[in-house]
Amino acid sequence: MLSYILKRLALTIPVAFGVSIVCFMLVHIAPGDPLTSVLPPDASAQLQAEMRALYGFDRPLPVQYGLWVLKTLQGDLGVSIATGRPVASELGKALGNTLMLAVLATLIGFLFGCLFGFVAGYFRDSWIDRLASFVSIIGVSVPHYWLGMVLVIIFSVQLNWLPATGAGPGGSADWAWDWVHVRHLILPAVTMSVIPMGIIARTVRALVAEILSQEFVSGLRAKGLLDFGVFRHVVKNAAPTALAVMGLQLGYLLGGSILIETVFSWPGTGFLLGQAIFQRDLPLLQGTILVLAMFFVALNLIVDIVQSMLDPRVQRA
Amino acid sequence: MSAAAPALTAIAAIEKSPGYWAGVMHRFRRDPVAMAALIIVLALVLMAIFAPFIAPADPYRSSMIRRLRPIGTPGFPLGTDELGRDMLSRLILGGRLSLLMGVTPVFIAFFIGSAIGITAGFVGGKVNTVLMRTIDVFFAFPSVLLAIALSGALGAGIFNGLLSLTIVFVPPIARIAESVTTAVRKIEYIEAARASGASAFRIVRIHVLGNVIGPIFVYATGLISVSLILASGLSFLGLGVKPPEPEWGLMLNTLRNAIYVQPWVAALPGLMIFITSISFNLLSDGLRSAMDIKA
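Line by line, the protein sequences are chains A and B. All residue numbers for the first sequence refer to numbering that gives the first Met the number 0, where the first residue is 0 and numbers rise by one. All residue numbers for the second sequence refer to numbering that gives the first Met the number 0, where the first residue is 0 and numbers rise by one.
Treat the hints as calculated values from the structure; they're not laboratory data. Possibly wrong hints are sitting among the right ones.
[Claimed, not checked] If we take Cβ atoms under 8 Å as the criterion, some of the chain B residues that face chain A in the derived model are: (1) 41; (2) 140; (3) 151.
[What the hints assert, rightly or not] Far from chain A, by Cβ distances over 10 Å, these chain B residues were calculated: (4) 68; (5) 99; (6) 141; (7) 152; (8) 189.
Virtual Cβ for every residue (Gly too), placed ideally from N, Cα, C.
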């Protein structure tokens, strides 16, 4: 077990290193001088040189990268060009909001995905299977930002039941688990849950169908085990993979929340990214992408380790 | 002897099996869902190609006095947008950029990714390690995040959008190509070809390519729907296509504030993305089962 964890960890380090290089290079692949967004167009040559030295853009790239990594490891992600505030503090609050939304969406998606997947896999090739498969293919094909708009049209504009945007009174600062705030969470979370629902339903359907076709199931049935008993075995065999898919989906939602957060003006990391892009605030863009990507790398590692604990067969693969 | 030769060719002609692709075609034609998806995709492609001839009005001509008309307005069957432009014409024209932005990255990534994956899988060893570990780094980003990071840094524009999306789709295709090629390489007839003195290039061209390109192609078709949603998503965020060009994602963005006035007109561009994306998905599923590919 421990050797597997160490091996997996050793594989993660070069990936994390590569991810940091990609994030670092983001500022440098941007067209034009990164300083143009801070400086007025008529800035003197001397001021330009001073600012360049201040941001460290006058050093060679590997040196810049080294200094940047050192600063990042100390929790310093630089200063937002647009607001002048540290990127790390802007990110902190937003990350919490996105995490809340993504976790809730993953749970909803997992619940319904498992339900559809189990039913479809259990009654394979019946009309229930076709219906469940159709629902899951809609889940993976629908442009979720459009689905968000349609839900807003139905539940906010037409029925006026739920708010269309925002995170409730006080914006992102004062979140509380009461109806006034939670009702803002419903539409974005439901919209977001459609993607993991579709993917988990497809995975679980394939898993259940595969497990049911194995010989030990016929053996169990031959021994007189009732459907419920068989069901228990199916769950036990399908759970590790289904949970792993769920973990990865959480990562995808965290990284891909920008479109849904834009539709609902949800004050999370995606909204922050949208602002960074709109204002060409490269330090904010870079910091947010780095944190989200590292989150995803860490999540991948955790998912693999947890899966190998639940299902030791994984270690051999 | 000379009399037996025509008889032999006649037997060969009778016993010639219909072939793999004929079987695939046969199975595909008997799948009603896949056929329906194929017809919709073809119709969308034709619509995009002949858009200027089909569109009933000028998609760029705006008018302040006929803004946001509802669906069913005489002369404007699908209403007008926030600048008074004909929605039907803009939706028809919009298919051009949306399809182009969605399909092109997967198409280019199919070639680049296959080349990387097949090389890594066939050569193996250090080459494999270097190529695949590099691919792993890009795999470590959620696809939406990578697309937005790259096009966010590069800035808006059709070319930057295409470039970012291509970079997003190379890693998954390369990974599939690598695993399929590694599996094929271990089959004995490759060993036999090598033993009989065939060059590496010849082995890849004759023995490997034919076996791996099918699965990679099917996998790539499955990515088109993701790519369409992502490409329109970039334009929806103000990256990708710039106004006043008609593009479904961009139209959805500019019509967002109109949901309080003409909600169903505002939702139309998204419906087009949805129809396109689900058709490509069903088409890909149909191909997959017709070609009997498990992965």
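Verification of the hints:
{"no.": "1", "hint": "41", "in the structure": "18 Å, violated"}
{"no.": "2", "hint": "140", "in the structure": "5 Å, holds"}
{"no.": "3", "hint": "151", "in the structure": "4 Å, holds"}
{"no.": "4", "hint": "68", "in the structure": "17 Å, holds"}
{"no.": "5", "hint": "99", "in the structure": "17 Å, holds"}
{"no.": "6", "hint": "141", "in the structure": "3 Å, violated"}
{"no.": "7", "hint": "152", "in the structure": "4 Å, violated"}
{"no.": "8", "hint": "189", "in the structure": "24 Å, holds"}
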